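Starting from the known structure of chain A, fit chain B onto it as the hints suggest.
If you want the building blocks of each chain, they are given just below.
Protein chains: 2
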Amino acid sequence: MSFKSDIEIAREANKKPIQEIGARLGMTSDDLLPYGHDKAKVSQAFINSVQGNKTGKLILVTAINPTPAGEGKTTTTVGLGDGLNAIGKKAAICIREASLGPCFGMKGGAAGGGYAQVVPMEEMNLHFTGDFHAITSAHNLLAAMIDNHIYWGNELEIDERRVVWRRVLDMNDRALRDVVTSLGGVANGFPRQTGFDITVASEVMAILCLATSLKDLQQRLGDIIVASRRDKSPIYARDIKADGAMTVLLKDAMQPNLVQTLENNPAFVHGGPFANIAHGCNSVIATTTALKTADYVVTEAGFGADLGAEKFMNIKCRKAGLAPDCVVLVATVRAMKMNGGVAKADLGTEDVAAVQEGCANLGRHIGNLKSFGVPVVVAINHFSGDSVAEVQAVIDYVETQGSEAILCTHWAEGSKGAIALATRVAEIADSGISQFAPLYEDDLSLFEKIECVAKRIYHADEVLADQSVRNQLKDWEAAGYGNLPVCMAKTQYSFTTDPNRRGAPTGHSVPVREVRLSAGAGFVVVICGEIMTMPGLPRVPSAETIMLNDLGQIEGLF
Amino acid sequence: MSFKSDIEIAREANKKPIQEIGARLGMTSDDLLPYGHDKAKVSQAFINSVQGNKTGKLILVTAINPTPAGEGKTTTTVGLGDGLNAIGKKAAICIREASLGPCFGMKGGAAGGGYAQVVPMEEMNLHFTGDFHAITSAHNLLAAMIDNHIYWGNELEIDERRVVWRRVLDMNDRALRDVVTSLGGVANGFPRQTGFDITVASEVMAILCLATSLKDLQQRLGDIIVASRRDKSPIYARDIKADGAMTVLLKDAMQPNLVQTLENNPAFVHGGPFANIAHGCNSVIATTTALKTADYVVTEAGFGADLGAEKFMNIKCRKAGLAPDCVVLVATVRAMKMNGGVAKADLGTEDVAAVQEGCANLGRHIGNLKSFGVPVVVAINHFSGDSVAEVQAVIDYVETQGSEAILCTHWAEGSKGAIALATRVAEIADSGISQFAPLYEDDLSLFEKIECVAKRIYHADEVLADQSVRNQLKDWEAAGYGNLPVCMAKTQYSFTTDPNRRGAPTGHSVPVREVRLSAGAGFVVVICGEIMTMPGLPRVPSAETIMLNDLGQIEGLF
Chain A
1118 MSFKSDIEIA
1128 REANKKPIQE
1138 IGARLGMTSD
1148 DLLPYGHDKA
1158 KVSQAFINSV
1168 QGNKTGKLIL
1178 VTAINPTPAG
1188 EGKTTTTVGL
1198 GDGLNAIGKK
1208 AAICIREASL
1218 GPCFGMKGGA
1228 AGGGYAQVVP
1238 MEEMNLHFTG
1248 DFHAITSAHN
1258 LLAAMIDNHI
1268 YWGNELEIDE
1278 RRVVWRRVLD
1288 MNDRALRDVV
1298 TSLGGVANGF
1308 PRQTGFDITV
1318 ASEVMAILCL
1328 ATSLKDLQQR
1338 LGDIIVASRR
1348 DKSPIYARDI
1358 KADGAMTVLL
1368 KDAMQPNLVQ
1378 TLENNPAFVH
1388 GGPFANIAHG
1398 CNSVIATTTA
1408 LKTADYVVTE
1418 AGFGADLGAE
1428 KFMNIKCRKA
1438 GLAPDCVVLV
1448 ATVRAMKMNG
1458 GVAKADLGTE
1468 DVAAVQEGCA
1478 NLGRHIGNLK
1488 SFGVPVVVAI
1498 NHFSGDSVAE
1508 VQAVIDYVET
1518 QGSEAILCTH
1528 WAEGSKGAIA
1538 LATRVAEIAD
1548 SGISQFAPLY
1558 EDDLSLFEKI
1568 ECVAKRIYHA
1578 DEVLADQSVR
1588 NQLKDWEAAG
1598 YGNLPVCMAK
1608 TQYSFTTDPN
1618 RRGAPTGHSV
1628 PVREVRLSAG
1638 AGFVVVICGE
1648 IMTMPGLPRV
1658 PSAETIMLND
1668 LGQIEGLF
Chain B
1118 MSFKSDIEIA
1128 REANKKPIQE
1138 IGARLGMTSD
1148 DLLPYGHDKA
1158 KVSQAFINSV
1168 QGNKTGKLIL
1178 VTAINPTPAG
1188 EGKTTTTVGL
1198 GDGLNAIGKK
1208 AAICIREASL
1218 GPCFGMKGGA
1228 AGGGYAQVVP
1238 MEEMNLHFTG
1248 DFHAITSAHN
1258 LLAAMIDNHI
1268 YWGNELEIDE
1278 RRVVWRRVLD
1288 MNDRALRDVV
1298 TSLGGVANGF
1308 PRQTGFDITV
1318 ASEVMAILCL
1328 ATSLKDLQQR
1338 LGDIIVASRR
1348 DKSPIYARDI
1358 KADGAMTVLL
1368 KDAMQPNLVQ
1378 TLENNPAFVH
1388 GGPFANIAHG
1398 CNSVIATTTA
1408 LKTADYVVTE
1418 AGFGADLGAE
1428 KFMNIKCRKA
1438 GLAPDCVVLV
1448 ATVRAMKMNG
1458 GVAKADLGTE
1468 DVAAVQEGCA
1478 NLGRHIGNLK
1488 SFGVPVVVAI
1498 NHFSGDSVAE
1508 VQAVIDYVET
1518 QGSEAILCTH
1528 WAEGSKGAIA
1538 LATRVAEIAD
1548 SGISQFAPLY
1558 EDDLSLFEKI
1568 ECVAKRIYHA
1578 DEVLADQSVR
1588 NQLKDWEAAG
1598 YGNLPVCMAK
1608 TQYSFTTDPN
1618 RRGAPTGHSV
1628 PVREVRLSAG
1638 AGFVVVICGE
1648 IMTMPGLPRV
1658 PSAETIMLND
1668 LGQIEGLF
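Chains A and B, in that order, are what the protein sequence lines are. Read in order, the letters of the first sequence are residues 1118 to 1675 in the working numbering. Read in order, the letters of the second sequence are residues 1118 to 1675 in the working numbering.
Rather than coming from a laboratory, the hints here were simulated on the basis of the structure. Here the structure is a predicted model, which means the values were calculated and not measured. Don't take each hint at face value.
Each pair may be met inside one copy or between any two copies, as identical chains are not told apart.
Said to hold, decoys possible - No more than 20 Å apart at the CA atoms, straight line, and that leaves these computed lysine to aspartate or glutamate pairs for EDC-like:
(1) K1207 <-> E1277
(2) K1332 <-> E1672
(3) K1133 <-> D1340
(4) K1349 <-> E1272
(5) K1133 <-> D1147
(6) K1436 <-> D1348
(7) K1358 <-> E1672
(8) K1368 <-> D1667
(9) K1533 <-> D1560
(10) K1368 <-> E1661
Okay, chain A solo, but in the shape it has when bound (with noise of 0.2 Å):
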């Protein structure tokens, strides 16, 4: 057998006019601003009009610590609501928009895969309908309002050396992590060291991912803390009035996008905070209209659950005032055979052993997720290596963790390769037994909420800080700040801060380098380790042989 390619199979999908998909929903062709003819925005008459709609019931998926075998967790949250659709219930899903820079480098799309995938694939991965521009535009006037405050007489005192806010571009680009402004004389300005970040990186992105309005973007914005003075006394976004023009330029990106699953089901795909200086999930306001709207909306969050999951839960619905029904956790056999010891060159030879040990990683996520409060079904996305005592294996295994797993063929099969896991999820969710709740209280001190985490979730011994790191803290806390979550930044790809320790590892420890105020967004950033916030460009980019062919369609994407 033959596989096609994801690109084949997306330029083969029977699109339907974005139209006939938001009529699904209850929209009119005026309650769409269309974007060529399979995108739209949902307009902001229409999300006003449904605030009285029943509640749908809410599916989250997440997933396994990422290994390079790869987990497909947005292929399954694909498959999974088209699975729903398919046995008759109205579902829609909620994903992330793919940042643009990193199509140039490596990274593949961010669509799903096979058969469960969100289409027009290309333009998700190109400039979609200009929301991650559009965030670039306000974040870059901020920093352009800035500097020119400074220029024109720096009436508000800033301490030029205590500037914060650093600027963004949405490509790969490592020059600019760090360089200097304001050379070439007097009419240039005073020279400062700063640097880009790559949009996705951007306290907007994050600001326009949790705010609930327009006026609430604004509220947001103006809140930003983007210097201080000599005194360390805060400069605001709205101290340099720049929160008007960059809610003006915000203004359509706020409003969710709706496209379809290559089955035509409805898909809403809006914002990409980074997972690790940011919460890493699609905005509040499309996952609350498509609560509204649909009778079950099936989302994901960034990284493994360990990073994802717990920022979904103790961050957005602890903000959106959301609560999961029920979630998914995505693992393949292969994952679990590379936590067990196995190379990646030798995946493809059965090892039941090594999936039986690997699977202490799926343990402890369950473990974690439960604490929440919420049910826990375990995807195991099928590969066709995969054999049946291997699949087998973690079946038994889940079941001895008090939890289910279920086979998904969604990837080769689409929608019914997802029918026992989409009929076992909406019996959960309908069954109302969840009791989601988040893992700390507001009131907990900031420190503790890190301990918390480190110890609740990634099964720490001890969080480690500096004196300048505790003190930093506490004056956030005597700001009026303590009661804001903490977003962790540490590795994807273990439950410690080093990326090579697979499993479930104890006895380790969690050493915070540095804390940041997201004062926008409305949290306080953790950093456990190096955290690159401007990606480089590999030896062969991508981009190199990315090009259009004798067709017109794009080649190299993927």
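What follows is chain B alone, placed relative to chain A:
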């Protein structure tokens, strides 16, 4: 009588669905890629399908040297287009897209004014259909790939001191004019001095506006010179293998945008290159598509006729095989007065003598335009304070120059105010009397081309240039670039290089400070005086007062 503001008039617009506007030009719904309900991109399939149609008449709107009094060139372009439709002609207009960055500084929009506007005005001054963002991405991808090539071993032997490709942002940000990149150690590359220009100054912008197809686009992108080796041999974007991916990023941006005037007539708004270091016209693909779908196409060129019209004729028409059938030269009584020495504060007082004095500027432009073999009509864009005697003075003067002037009131009255102009322009265009020819032949030397423009358009005595400039031009001729036209970059406020010399000065020289080769766009840029390619924000940027009002409307943008 109290006047409504441009934005108030624009908000009251009775817009039709963009599909209805397209239908007037023979486009079906499938031929249009909608962006919302009032903007669309014209599909490549449609453009291909109309190539066999007859070609409409081309009318260029240009102006005297701009003064702070405002001339209303775009307003007249829109008014004339509406006027032609009002007298039963099938007419379309073609104008440039606005740059987002300057709207947050102090520049107003670029969509006409009064009752001669193109809508949706707010969106045209913000993200519009994302074309400029796509250009920013394509430009910066090339920049990232250059530094990445050096980082991974510099196989092409790029001389890091001779990288001429800078980066761009669509933002007024003086801090980025001159920067040092790649600081921070080994992982970030080799530090070097470079900078950012505003997106409209990108050679990619000029290329997009001159390219006739996606294939031509990729060819031109590949031809961009990005750096040179120690032996000064050029490195092309093609050597960096960026041309394919850049073309993919620009795929949608290449398609012309269709919007409408307040009177629901079709308007193509596409591309927006600088009018100093580039040629300052809307895209060739929009103009040619308009000519194949309408009987009359009204377009405009940047700045005054000495810069904009000269480049329209010598660069755009030459390269695209276009020939204007009539030229409309916009003048105002107020601008004539300022050219006659009246200060802006005193413009309200009748001063026929000053008008007569200032007409010298108008007269020179008429003569210059006629030297291209084209018929010239002067449009007097009426302002409410203009006296009858002042208007008559302009009409009488123009008659002495062997041309004719027509008073227009489209700003206050829409098409009704441009009926006389439209009737006369249509007569002239239909008569076939235009005998257009560019001012110089391709095979003149580059320096002779500069002299030709300086002497025949600017009426200068001589061109001053260092030997190094002259040698550079000879080197490019030896390298095969001698057949390119020249693109003059000088102040728009005077025929000379001194912005304060109004009227029709003589006895001056044109000092050439620097020459640059835009090998992809296909012209040699000749820089005379200071040219700013990255603007700054003023002391009180308009961004400070731009915001959404309680109705969700944008305030402060205009």
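Status of the hints after comparison with the structure:
For the homomeric pair K1207 and E1277, neither the shortest alpha-carbon distance inside one copy (54 Å) nor that between copies (58 Å) is at most 20 Å. Proximity of K1332 and E1672 under a CA criterion of 20 Å is satisfied inter-copy only: 15 Å between copies versus 42 Å inside one chain copy. Taking CA atoms no more than 20 Å apart as the test, K1133 paired with D1340 passes in neither setting, with 42 Å inside one copy and 40 Å between copies. In the homo-oligomer, the alpha carbons of K1349 and E1272 lie at most 20 Å apart inside one protomer (16 Å), although the nearest pairing across protomers, at 48 Å, exceeds that limit.
Proximity of K1133 to D1147 under the C-alpha cut-off of 20 Å is found in both arrangements, the shortest distances being 17 Å within a copy and 13 Å between copies. Within a single copy, K1436 and D1348 get their C-alpha atoms no closer than 32 Å, and across copies no closer than 60 Å, so neither meets the 20 Å cut-off. For the identical chains of this complex, K1358 and E1672 are inter-copy neighbours only, at 14 Å across copies versus 44 Å inside a copy, given an alpha-carbon limit of 20 Å. Proximity of K1368 and D1667 under a CA criterion of 20 Å is satisfied inter-copy only: 13 Å between copies versus 38 Å inside one chain copy.
For the homomeric pair K1533 and D1560, neither the shortest alpha-carbon distance inside one copy (46 Å) nor that between copies (68 Å) is at most 20 Å. Taking the shortest Cα distances, K1368 and E1661 sit within 20 Å of each other only across copies (17 Å), while inside one copy they are farther apart (35 Å).
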